[in-house]
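*Asks:* Generate the whole structure from the sequences, applying the supplied hints.
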Amino acid sequence: MKKGEKQTTNQVTLNTVTRTVLGKKVKKLRKEGNLPGNIFGNDFKSTAVSVKYADFTHVYKIVHETGIVYLKLDKDEIPVMIKHIQRHPINSSVVHVDFRKVDLSKKIIAEVPVKVIGTSEAVTQKGGVLLTQSSHLSVEALPQDIPTTIEVDISSLKELGTDIKVGDLSKTNTYVITTDPGKVIVSVTAHKEESIVAETAAVAAPEVITAKAEETEVTDETKKPGAVEKAPQAEKEKKEPAKK
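For the sequence shown, counting from 1, position 206 maps to 206 in UniProt numbering; every step adds exactly one.
These are computed hints drawn from the structure, not numbers from a lab. Only a predicted model underlies this, so the values are computations on that prediction, with no experimental measurement involved. Errors might be hidden in some of the hints.
In silico BS3-like cross-links for lysine-lysine, where the CA-CA straight-line distance does not exceed 30 Å [what the hints assert, rightly or not]:
1. Lys165 <-> Lys107
2. Lys183 <-> Lys107
3. Lys25 <-> Lys75
4. Lys72 <-> Lys28
5. Lys107 <-> Lys171
6. Lys72 <-> Lys61
7. Lys52 <-> Lys83
*Replies:* Here is the structure:
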């Protein structure tokens, strides 16, 4: 199987067992190498399960959140997708997983990650900065037709200030992107240093004018005390009697 492709000819399966341990007691399960989880879905009673941690991480690398996994529970094989994983805040290890049961005959909506491919001339030759503004897009399709990723080719971005919107992507027969067509996925903007230089130049001018104004005020204030000092001296001369 090539990198990025989903496993289609062989089903991806994961052994699970019904979980009776709930609440804070699940810490013991984790210490034993198990991962607590839940299965939920339309017309399906929510079920608490546990899986081997090593088995789950292996399967997750294959399907991520967009592939079908068949959970073996008792005598049943339940088609699910990995809806949500909860991670430890410090070491990022998975501490809980939610599986969403799906009906393979009915379309669903899923969040699919964006994968940027290609090279933009606006970035490599004109010093632009590539901004990814949408990391996931909503897709409607049959569960088995949900893509692993949606590729966005940025080679069409040749000028600064250009972007690629959802409506610019090619349409397919297997799935429909339900995200607003006007939503920007990626864009190229001018390098930050250029903006800083422009802002500095704009601010520098008024600062020079202010400095001159302050200098003028100081000069005027310096002259005033001199004038005040002369007045007492003149009064003193008037009061002194003429020498005989």
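*Asks:* For every hint, state whether the structure bears it out.
*Replies:* Taking the hints in turn, this is what the structure says about them:
Of the supplied pair hints, the one linking Lys165 and Lys107 holds, its CA atoms being roughly 24 Å apart against a limit of 30 Å. Between the alpha carbons of Lys183 and Lys107 the distance comes to roughly 23 Å, so the proposed pair stays at or under 30 Å and holds. Between the alpha carbons of Lys25 and Lys75 the distance comes to roughly 27 Å, so the proposed pair stays at or under 30 Å and holds. Taking the CA atoms of Lys72 and Lys28, the gap is about 23 Å. The hint holds against a cut of 30 Å.
Taking the CA atoms of Lys107 and Lys171, the gap is about 17 Å. The hint holds against a cut of 30 Å. About 19 Å separates the Cα atoms of Lys72 and Lys61, which keeps this hinted pair within 30 Å; it holds. A hinted pair counts as satisfied when its Cα atoms are at most 30 Å apart, and Lys52 with Lys83 qualifies at roughly 18 Å.
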